[in-house]
Amino acid sequence: MKPILSVQGLSKVHGRGCSKCIETTGPEQETNICSWCGSVVAAHDVSFELHPGEILGIMGESGSGKSTVVKTLFFDEEPTRGSAQFFEHDHAWNLFDLNAAQRRWLRNHRFGMVYQNPHLGLNFNVSAGGNIAERLLMSDLVNYKAIRERALDLLSRTEVLADRIDDSPKKFSGGMQQRVQIAKALATQPPLLFLDEVTTGLDLSVQACILDLILEIQQELKTAMVVVTHDLGVIRLLTSRAMVMKYGRVIETGLTDQILEDPQHAYTQRLVASAL
Amino acid sequence: MRHYELPAIDEQEADSDLHEGTAYNFGFLDEYAKREVRRTILKAIAIPGYQTPYASREMPMGRGFGTGGLQLTLSLIGQNDNLKVIDQGADDSVNAVNLRHFVELTCPGVSTTERTVEATIIQSRHRIPEVMLREDQVLVLQVPYPDPLVVVEPSEEKRKTMHGEGDYSRLLTKLYEDIVQFNEITISHRYPTKINGHYVIDPSPIPRYDVPRLHQSPNLILLGAGREKKIYAVPPYTSAVPLAFEDVPFRTENFLDAQGNRHACMRCGCTHSFLDEVISEQGERQYQCSDSDYCNDQLAVLKLNQTEGVNA
Numbered sequence: 001m002k003p004i005l006s007v008q009g010l011s012k013v014h015g016r017g018c019s020k021c022i023e024t025t026g027p028e029q030e031t032n033i034c035s036w037c038g039s040v041v042a043a044h045d046v047s048f049e050l051h052p053g054e055i056l057g058i059m060g061e062s063g064s065g066k067s068t069v070v071k072t073l074f075f076d077e078e079p080t081r082g083s084a085q086f087f088e089h090d091h092a093w094n095l096f097d098l099n100a101a102q103r104r105w106l107r108n109h110r111f112g113m114v115y116q117n118p119h120l121g122l123n124f125n126v127s128a129g130g131n132i133a134e135r136l137l138m139s140d141l142v143n144y145k146a147i148r149e150r151a152l153d154l155l156s157r158t159e160v161l162a163d164r165i166d167d168s169p170k171k172f173s174g175g176m177q178q179r180v181q182i183a184k185a186l187a188t189q190p191p192l193l194f195l196d197e198v199t200t201g202l203d204l205s206v207q208a209c210i211l212d213l214i215l216e217i218q219q220e221l222k223t224a225m226v227v228v229t230h231d232l233g234v235i236r237l238l239t240s241r242a243m244v245m246k247y248g249r250v251i252e253t254g255l256t257d258q259i260l261e262d263p264q265h266a267y268t269q270r271l272v273a274s275a276l
Numbered sequence: 001m002r003h004y005e006l007p008a009i010d011e012q013e014a015d016s017d018l019h020e021g022t023a024y025n026f027g028f029l030d031e032y033a034k035r036e037v038r039r040t041i042l043k044a045i046a047i048p049g050y051q052t053p054y055a056s057r058e059m060p061m062g063r064g065f066g067t068g069g070l071q072l073t074l075s076l077i078g079q080n081d082n083l084k085v086i087d088q089g090a091d092d093s094v095n096a097v098n099l100r101h102f103v104e105l106t107c108p109g110v111s112t113t114e115r116t117v118e119a120t121i122i123q124s125r126h127r128i129p130e131v132m133l134r135e136d137q138v139l140v141l142q143v144p145y146p147d148p149l150v151v152v153e154p155s156e157e158k159r160k161t162m163h164g165e166g167d168y169s170r171l172l173t174k175l176y177e178d179i180v181q182f183n184e185i186t187i188s189h190r191y192p193t194k195i196n197g198h199y200v201i202d203p204s205p206i207p208r209y210d211v212p213r214l215h216q217s218p219n220l221i222l223l224g225a226g227r228e229k230k231i232y233a234v235p236p237y238t239s240a241v242p243l244a245f246e247d248v249p250f251r252t253e254n255f256l257d258a259q260g261n262r263h264a265c266m267r268c269g270c271t272h273s274f275l276d277e278v279i280s281e282q283g284e285r286q287y288q289c290s291d292s293d294y295c296n297d298q299l300a301v302l303k304l305n306q307t308e309g310v311n312a
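Protein chains in written order, with the working numbering: chain G, 1 to 276; chain B, 1 to 312.
Isolated chain B (complex conformation) (with noise of 0.2 Å):
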């Protein structure tokens, strides 16, 4: 049985998509859908940093748990696609596991992978995945708030006059009073960032970490907003530049203790990875690799050189 009514002119190519087992078109979204994204990425990724307004359909999960991502997946994916599912940097958080059993359910044939080398498609919730990624991956983040003008303006009328006139005083302004109180500029996460020259993005809760990786990315990275039924993108080889100030320049975070020495992950002892912070049954700090894709790899190195240095 049909869930959908499908496009007449798609009809036979859409049948062929229905899978028997799950009563559900290829991909869960209908033809008429997965276009309707499709075409909202074109134009996104015409216009680097333009929130491109669409409509987000309604997904079998509450909006706010990634259905913006989620639908840009979904309309992406095909049978040769690998994907990989990743929620704060690791493949088994909750977030990650359901979204990508869903997938798996609904894109019967889909491959999946916790490997970011071998993902094709990457979905990620509030990281960029630490290993470079290659031309021919493409990330998708999930945004909760797309516009970074919204804790200044709360008029989307004038924050649309805004965007077009490239005015962004007023996120400077609210940088100026975070330095004025607090010596530096506060924001962890969601740090406002300038693409191709004009449009400023929220680019999703990735740290500031990770901003950077924006800019020049070999990759094109979708930003999809469901509930805010936006979606933009930073196409690739284009600039993302953090808003700072001349002379107060943007700062990533540094895990540096208080004797000035950074903080190694605990599993694989990488001195150059964004660290999560937990807190042990005894009650100590304890640091590990938030890319837990990126740990493993690294611990795998090491016991390799471990090995190697037994034999010799």
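With the rest of the complex left out, here is chain G (with noise of 0.2 Å):
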């Protein structure tokens, strides 16, 4: 099976970077902060394929990276190493080598991106149904009838109320703001979804709706995803392969069940020890 989307060798690091970077910064050294120059190694050498359909997870503690990642997939930061393919019938993308307008196409028809904190992925001073409507529309749909029916199909399926289309996401709840932001994403039926800490912050109930959804998601659109979270639950219920990340690096990569009943690296087994 042909993947969609490959990544190679993606490195990520702030501030102006030296030669010893790398070698300073790591798990081994137990910081991402380069003892040189002082640059911040957020994220170094991550390679990874994704499948149509499938759903990749990406954990590990807060710093280490997993972010910055999706952030560089996602084009809201440019990565300083690396490249990465999106593969589309049998046209493949060179995400890093497109120019502005390209990226803006690809971001708007082809990916989605779910933040944690729905300020980031949500306009709040337009109505749920103008948020939905602002991504159909940047997808070229301008026609008032099919975006309105769109968005209530949407609303309706992530269950946030038909009645609550023209008020402002202002007035929801974290779990429904969240609801909305995934619905925007959904909206123009991308093949691939990015979702950043989707559940963080949600009380156990929601968090439970939300996954459940995406789940459901996954199974009828064959959206393929990559699940950022540090929450070992989400990794166990949605994914079916983990990478786990520490100061920048992957060190452990395999089936999320592996990974959580026989991890190899003492990090990732200190961290499943500490959830379960």
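Calculated directly from the structure, the hints in this document are not laboratory data. Beta carbons: idealized from backbone N, C-alpha and C, even for Gly. Only true hints are included.
Pulled a few chain B residues facing chain G out of the computed Cβ check, cut under 7 Å:
(1) 165
(2) 173
(3) 248
Facing chain B, a subset of chain G residues (Cβ under 10 Å, in silico):
(4) 123
(5) 125
(6) 126
(7) 130
(8) 131
(9) 133
(10) 137
(11) 138
(12) 139
(13) 142
(14) 143
(15) 145
(16) 146
(17) 147
Each chain sits in its own coordinate frame; assemble them with the hints.
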């Protein structure tokens, strides 16, 4: 089977960087700040492949670089090194070689992103329906009726009451905001979805609903997803494959069951032991 | 006495322009300033709808009183030009009278007119004249806010990227919100309009009624924002399409009363012009052509027909 996304040697260094940056940082050194130049190595040499309909988990503690990986792939941040290809039918897009307009097109038509903080993903000055409309308009749908129908359909699928389509997300609870954000990300039926700590900060019952929703979407639409979380429960429930990151490096990859039942790296062992 | 240091290359020419009575350079602006504005105009015409930045000069009136339009006019105007200045369609409104007076003062020898057909340059605030303009006429519009994206994006840097990429989805989102709330698009003036298939402009506060007249107009339309330091243009025979949804088309004011009849101008009886609503001393609503020159023309035709009727 052909992958939908392939990432090779992705690195992101904040700061000017030097030749010692790599050897002085990482899990062995227990830091991601270069002791020579003070640059922060947010992620180094991250490679993975993602197949259509698959959910890949990236776990690790805060500051381990898991969000950085997703943000560079969604063009929120510029990578320092590395390459990534997005495959569609027989066409391969070299993500980091694209110009701004092509990136915007991919973001609007082929990718979806759900942030931990709804303020990043939603426009709070327009209604919930308007947020979905915005994304549909970005993908060149300019028929009011069609947009309206699609927004209602998406909100009912994500279990937001249809009556509240014209309310501002300001008036919504955290869980509802997150659901609107998911509806917005799904509006263009993207083949690839990035989820950055979507359930963090929500109470347990709401978390369960949202995880249910994500699984449902994956089953129905066969959307490939990259799920970033520090919650092992989320990893266990959603993903089939997972990567563990620490201080910007990938320290372990494999099937989720394998990692959780038989962790190899000392850090993963500690992580799993502390959670279970 | 000279008020401005003039460019060396233009010295003789500029000296000849100096009018003894006023001690101002012809057109108030110095030759450098005029040249810069003309260059900016050329660039603006070359990239239809693009907001070309320029160094807006300090004028002897407050910014926001039409300094952008005035600088365009002063840079374009020559001895053979005939200028018409209108404010909300009328030649005798405060802004129009003052600007016309200023041009008369600083451009000696230039003639001014109130007749649209006779003018070569028409500077206007908030209206496009009712009669179709010709290829040899230039329409200069005064613009308070040049950027249509300012309502959805506060950062100018981001707005520039959005313009460059032709990303106007958030403006359309605004229209969507309007339809959701009020069942129709409620923008009454400054209607965002796409020029030549790419840049969306704020066509200055002209009413929606005037927007279709930007499309494929035979005359050049220049828009100047003095406070925001931008000049942009709709060149002759260029497409200008107001943003709208496929199934909710752009609509202009129709001036219908409750019975569905169109209001008529109380002066000339015209039923196909843009009307101003006036409240009479008795508190009644009355309607009158907003374009005073057009109204006068209609009135003259009406009188002519009446006298002919009497004679026959």
